[in-house]
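> Sequence:
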Amino acid sequence: MLWAGRLTSAFPLPADLPFTRAAALAAGVSRHTLDRLVTEGLVRRQIKGVYVGAHLADSVALRASGLRLVAPQDCVVVDRHAGWLHGAPMVLAPGEHLELRPLSLFRPSGHGRLRNDISSSGERNLAARDVMEVEGIAVTTPIRTAWDLGRVRWTDEAISGLDAMFRLKAFSREEFLAGIERFRGARWVTTLRAIGPLADGRSESPGESVLRLRCHEANVFVVPQVEVWRTGTLLGRLDLANEDLLQGFEYDGVEWHTSPDQRRRDRERREAIADNGWSIEALGCEEVFGRARECDRIIRQAAHMARLRRGSRPA
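Position 277, counted from 1, in the sequence shown is what this note's numbering calls 277; the numbers after and before it change by one each time, with no gaps.
I should point out that these hints are in silico values taken from the structure, not numbers from a laboratory.
Distance ranges between label pairs, derived from CB positions:
hint: 1; residue 1: I180; residue 2: A26; range: 44 to 54 Å
hint: 2; residue 1: E135; residue 2: R44; range: 16 to 26 Å
hint: 3; residue 1: N276; residue 2: V134; range: 41 to 51 Å
hint: 4; residue 1: P89; residue 2: N276; range: 27 to 37 Å
hint: 5; residue 1: R184; residue 2: R264; range: 46 to 56 Å
hint: 6; residue 1: V254; residue 2: R293; range: 14 to 24 Å
hint: 7; residue 1: R267; residue 2: A128; range: 48 to 58 Å
hint: 8; residue 1: R173; residue 2: A54; range: 36 to 46 Å
hint: 9; residue 1: E174; residue 2: E227; range: 25 to 35 Å
hint: 10; residue 1: D74; residue 2: R264; range: 47 to 57 Å
All C-beta atoms, glycine included, are put in the ideal place defined by N, C-alpha and C.
Produce the complete structure using the sequences and hints provided.
Structure (structure tokens):
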């Protein structure tokens with residue numbers, strides 16, 4: 001049978017890949033049968049003329065595979081979705097792992113744009129060296145993707161995207177910085193120039209990246225992922241820290257810091273580190289991203305108190 005709660009091995013096309021209506025007809029699946037599969041919820045229409053098994057979870061890769069079947073051959077996946085295909089899941093927009101946004105699929109300058117429900121399209125000036133293939137899909141290279149992610153209006157968006165791409169270790173810092181001048185005169189290149197030198201692949205989440213940017217803006221130097229040891233025993237690791245001041249900052253995101261067990265582990269780790277002479281400030285989404293920007297005051301005040309404790313002259 002073709003249907004038994006999901007597509008079975010009797011289905012004449014690979015059940016784990018998108019397929020076109022034309023391919024289904026060529027494989028012996030009539031229009032009536034395909035429409036019946038859609039009606040019974042075993043197949044869903046991805047875009048016009050392209051279908052996927054309803055049991056497949058929506059993903060960037062699945063969307064790209066479906067678009068590849070019908071999109072012009074010169075289309076290229078760019079920006080955050082290119083980063084995701086390169087293996088940087090943290091590069092996606094906040095919440096996008098739960099509800100995908102339209103796929104960033106652009107064409108070379110002068111070739112027009114795509115118009116469908118699952119792609120956000122446009123034109124972009126791409127050289128041949130800027131494009132590579134990932135699982136049969138044309139994607140901007142990691143370094144071109146990083147340059148593009150840094151050329152956005154908002155610095156928060158730029159730092160989180162750049163940190164995620166640097167985490168891949170697919171290009172050197174020197175190569176990245178040297179290539180920035182290639183985009184002289186391009187839109188938002190000023191953001192790339194300002195944020196590019198701050199990129200650090202050690203950040204483990206967009207929240208940590210933006211919190212580090214907030215510290216930089218407050219003239220408080222911090223390093224990501226600092227381990228705290230005492231007599232050969234690892235007490236824990238801090239998201240961001242200034243070791244001279246023994247001051248740590250942590251971003252408590254909803255996903256990893258809200259359950260009772262998560263909070264208990266955070267509390268025990270921070271108490272052990274505090275007993276070793278450190279002061280720690282934990283900030284959440286509202287403090288870091290909220291309109292009031294409470295984190296600015298918290299960071300400056302924490303650094304001021306840390307300098308007083310260490311006998312340094314307050315900044």
